[in-house]
Amino acid sequence: MQITCLQCVEAACAKVCPAGALVRNEETGAIEVLANRCVGCGLCEAACPFGHMHFDTQLRLAVKCDLCGGTPTCAAFCPHDALEIR
Amino acid sequence: MTVQFTIDGLEVKAKEGEHLLDVARRHGIDIPSLCHHEAVEPIGACRVCLVEVRSGQKTTITTSCNFLVEDGIEVHTDTAEVRKHRAMNLELLLARAPKSDVVRKLASASGVTRTRFEPLAYEPLPNCILCELCVRTCDMLGHHALTTVGRGDKKRIGLPFNKPSDNCVGCASCLSVCPTQCISVKDTPTQRAIWGQKHDFILCKVCGAPVITKKHRDFAISEKGLPEDYYDTCEKCKQSAASKRFASVVW
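Going line by line, the protein sequences match chains A and B.
Numbering-wise (this note's numbering), the first sequence opens with residue 33 and increments by one.
Numbering-wise (this note's numbering), the second sequence opens with residue 284 and increments by one.
So here's chain A without its partners, still in its complex pose (with noise of 0.2 Å):
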C-alpha cells in the first residue's frame, strides 16, 4: 500500500468528510484525520483523485500520510536522497 499524499491545497478527501475529520495542520502543512471525529464512511477514499487516503477495514477508519509530524521518515530512510520534502 501506498501512503503518500499531495496535502493538496483544495483538498477533495477534505472537502467531501461529512464529520470534519480531515482537517490541515498549519504547522505541518499535512492534512490529518482526525480518528476520535471519522465515522468510518469511506467517502475520502472513494474521493482521492491520487489513490492516496485508505480506509483501514480493521479499524474502520480512515488513514492517511501526515508527513510524519513533519519530517517525513520516507525521506529520510531514502538512501539515494531520491525523495525530499519541500
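No lab work stands behind these hints: they were computed from the structure.
Some clues are possibly wrong.
So, partial list: chain B residues that the calculated Cβ filter (under 10 Å) puts toward chain A [claimed, not checked]:
id: 1; residue: H320
id: 2; residue: G425
id: 3; residue: A503
id: 4; residue: E506
id: 5; residue: L509
id: 6; residue: Y513
id: 7; residue: Y514
id: 8; residue: K519
id: 9; residue: C520
id: 10; residue: A524
Cβ atoms here follow ideal geometry from the backbone N, Cα and C, with glycine treated the same way.
Take the given structure of chain A and dock chain B to it, following the hints.
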C-alpha cells in the same frame, strides 16, 4: 466565556458549553465510555462515563459525556461511589452484550466478570446495547435512515417499521461507529448487504473492483458537489495512474 473547575484535583479551563468528558480527555484524564463519539451529540446512553460532580453542598453522579461544564465544580472520576455505579451499569450491559469483547474488557476493568442478570437473546442484533450511536451518526450524515423500532424489551435498532428504506445509502458508517461492532455488513464483489437491503457498488472503470455504493456516490455528489468521475476508479488504479502521470514530469 471561560469556566474554571477541577477534575480529580487538577485545575482545568474550558469554554462554556463544552461537555465534561471532552474536557477531561483533552487534559489526559481517561473516563471510559462506549457510546461517545466526537462527531455526534452525546446522549448519555451507555451510562459508563459516570463521574461524581460536587457543586456547593450538592453531590451528583452523572454521565460526563453530556454534562455541560460549570464554573467552580469539583469533578471526581474514580471515587468508590462512581466505581460502584459504573460496575452496576456494566453488569447490566454484560447481560445485554455478553459476547462483546469491548464490554467484557470494560466490565472486567471494573471487577465485573459475570452478570447476575439473564442474558438477552437479542436478535437480530446480538450485542447491541441500544446506545443509538449508529442512529445519531446516520442523522448527522444526513441520511436519517436508522431509528429505534418497538418498545420496552422489544426495542431494537433498524430501518423505520423494519421496512426497506430509500434513505439508507449503504455507507456502513453505522458499523464503523458501533462500539460492539454488532451490525452485519456483507460485501460481495458487486453488492453490499446491510439492514436487509442490497446496494450495488460502483465498479472501478479500470479493474472492476468495488469503489462505493451507487447511492452513497449519488448522495455525495448532491451534497458535496464533486463530479461523478471522482468516484469512478478504485484507490489502487488511481494510485498507478497518478504514479505514471508524475513519472513523466521532469522536475
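Okay, the hints, checked on the actual structure:
1. The interface hint given for H320/B holds, since its Cβ lies 7 Å from the closest Cβ of chain A, which is under the 10 Å cut-off.
2. Annotation: G425/B was flagged as interfacial toward chain A, and the flag holds, the nearest CB pair being 7 Å apart, inside 10 Å.
3. With a cut of 10 Å, the hint placing A503/B at the interface with chain A holds, because the nearest CB-to-CB distance is about 6 Å.
4. About 8 Å separates the beta-carbon of E506/B from the nearest beta-carbon of chain A, less than 10 Å, and the hint is met.
5. Taking 10 Å as the C-beta cut-off, the interface hint given for L509/B holds, the closest approach to chain A being about 6 Å.
6. Checking Y513/B against chain A: minimum C-beta separation of about 5 Å stays under 10 Å; hint holds.
7. Contact between Y514/B and chain A, as hinted, is supported at the beta carbon level, the nearest pair being about 5 Å apart and thus within 10 Å.
8. Because the closest C-beta pair between K519/B and chain A is about 6 Å apart, less than 10 Å, the hint holds.
9. Satisfaction of the interface hint for C520/B is found here, the shortest Cβ-Cβ separation to chain A being roughly 7 Å, below the 10 Å cut-off.
10. Restraint check, A524/B versus chain A: the minimum CB separation of about 8 Å is within 10 Å; hint holds.
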